[in-house]
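Participant: Residue numbers (our numbering), protein chains in the order written: chain A, -15 to 83; chain B, 483 to 747.
Take the hints with a grain of salt, since some may be wrong.
What the hints assert, rightly or not - These stretches of chain B come out as covered by chain A in the derived footprint (C-beta under 8 Å, 3 or more residues):
#, stretch
1, 544 to 550
2, 562 to 569
3, 669 to 682
4, 692 to 704
5, 735 to 741
To be verified - Pairwise CB distance ranges (calculated):
#, chain 1, residue 1, chain 2, residue 2, range
6, B, Pro628, A, Trp63, 17 to 23 Å
7, A, Phe78, B, Pro621, 37 to 43 Å
8, A, Phe51, B, Phe659, 30 to 36 Å
9, A, Phe54, B, Arg744, 30 to 36 Å
10, B, Gly574, A, Lys57, 37 to 43 Å
11, A, Phe78, B, Val722, 43 to 49 Å
Honestly, the hints are just simulated from the structure, not real lab data. Where a beta carbon is used, it is the ideal one built from N, C-alpha and C, also for glycine.
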Amino acid sequence: MSQLREPAFDRAVALVLRVGAFSCFFLMLAGLLCGLFVPGRIPLGIERAGVLLMLATPVVRVVVACFLFFREKDYRYGWISFGVLVILMLGAVFGIGEH
Amino acid sequence: MVTVLLVILGFFAGLLGALTGIGGGVLLTPILALYFGIPIREAIGTSLVAVITTSAASSSVHLQRHTTDIRLGMTLELATALGAAVMAYLVGYFNRNFLEGLFAAFLLYSAITILTKGGKFRQEDALPPAANGEIVIPPYEPRRYPLGLGASLVAGALSGLLGIGGGPIKVPVMYIFMNVPLMVATATSNFMIGVTAAASAIVYYRRGDILVEDAAPLAVGVFLGSLLGARLAPRIHTKVVVYLLVAIMLYLSGHLAVHLLRGWL
Chain A
-15 MSQLREPAFD RAVALVLRVG AFSCFFLMLA GLLCGLFVPG RIPLGIERAG
35 VLLMLATPVV RVVVACFLFF REKDYRYGWI SFGVLVILML GAVFGIGEH
Chain B
483 MVTVLLVILG FFAGLLGALT GIGGGVLLTP ILALYFGIPI REAIGTSLVA
533 VITTSAASSS VHLQRHTTDI RLGMTLELAT ALGAAVMAYL VGYFNRNFLE
583 GLFAAFLLYS AITILTKGGK FRQEDALPPA ANGEIVIPPY EPRRYPLGLG
633 ASLVAGALSG LLGIGGGPIK VPVMYIFMNV PLMVATATSN FMIGVTAAAS
683 AIVYYRRGDI LVEDAAPLAV GVFLGSLLGA RLAPRIHTKV VVYLLVAIML
733 YLSGHLAVHL LRGWL
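Bound conformation, chain A alone:
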């Protein structure tokens, strides 16, 4: 049996990725344009927000999929998604601050 063809599920995950990619693009673009006119650290702050949002987008995608699997009572894949989330979080916690 194919595991594909769950249009609503696909659309929800696609929406997360699309919103993430587009908002990062506009944040970073705003940071670049701002850098032309505003001196100081504000433009870099906007760009940093864009980069952080880009790093967070795949994480949010895993959270949404995890939630959807548990709601469908598909516990096996719910826990698998949760496992992926734990690995991502471990990187954030144990990544070296300064090196």
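Assemble the complex: chain A is given as a structure, and chain B must be docked to it using the hints.
Facilitator: Relative to chain A, chain B alone:
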């Protein structure tokens, strides 16, 4: 001025990536290291941001065509994310010259693989437009999960080590060994790249190896380039673009080797 150059660089990397199905990370890292004077580890971290951008934009398109196997992708991501995070952590202890040499070897290997396989896993082969516009996927059941997970661990580790997507490993493994149709394998590999790259990028960011002022213009360019590339793809003769890509990869590999030797002599 550097900012404008980075936008242009990202644009062409995104364009080439969308036209050939080969991610931009493999070009961005060496170019940042060789021509923008960014140390190799920071170059890897910075281009990872562009890799995530490409994956998010392109896999949302695949998802809307319903060719992505989210369950399979999520399962294999357990291995790719683990491999990527652990390797990204270890990279902090690696010698930079070793990293540069590894990257030069990887570029050479990829260029040769693309030439001998003739770009077998290209985008349009993987996604044939069906007559009625509906994509028909035959029923299938993924097999040999242990093998798939093992290969994913290696692909993830390579991603964390070199800041690339790892598609050239995952696609053939899913297609040949796991009994997954090629278009599903391609879409699912693309889908996995975002989480894999994020797993390593988070570690690189924590270490201060992502240069925000360079990552932002690069990602802006990559985003625009891959949007244009996706539109142009059906109308452009891909073979010429693949040869162009191979030529650039060979040149960068040679330049990296020369750069390394100069440092030693």
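Participant: Compare the structure with each hint and give your call.
Facilitator: Cross-check of the supplied hints:
Three residues within the 8 Å Cβ limit are the bar, and the stretch 544 to 550 of chain B against chain A gives 5, so the coverage statement holds. Counting residues of the stretch 562 to 569 of chain B whose beta carbon lies closer than 8 Å to any beta carbon of chain A gives 3, which meets the minimum of three for the stated coverage. Proximity of the stretch 669 to 682 of chain B to chain A, defined as three or more residues with a beta carbon under 8 Å from a beta carbon of that chain, is established by the 6 residues found. Given as covered by chain A, the stretch 692 to 704 of chain B passes the check, having 8 residues with a CB less than 8 Å from a CB of that chain where 3 are the minimum.
Coverage of the stretch 735 to 741 of chain B by chain A is violated in this model, with 0 residues showing a Cβ closer than 8 Å to a Cβ of that chain against a need of three. A hinted range of 17 to 23 Å for the beta carbons of B:Pro628 and A:Trp63 is consistent with their spacing of about 18 Å. The hint said 37 to 43 Å for the Cβ distance between A:Phe78 and B:Pro621, and at roughly 42 Å that hint holds. Between A:Phe51 and B:Phe659 the C-beta distance comes to about 31 Å, which sits within the given range of 30 to 36 Å.
Here the CB-CB span from A:Phe54 to B:Arg744 is close to 56 Å, at odds with the stated 30 to 36 Å. Between B:Gly574 and A:Lys57 the beta carbons are some 42 Å apart, a value that agrees with the proposed interval 37 to 43 Å. One distance hint, 43 to 49 Å for the beta-carbon pair A:Phe78 and B:Val722, holds here, with the actual separation near 46 Å.
The structure shown violates the earlier hints numbered 5 and 9.
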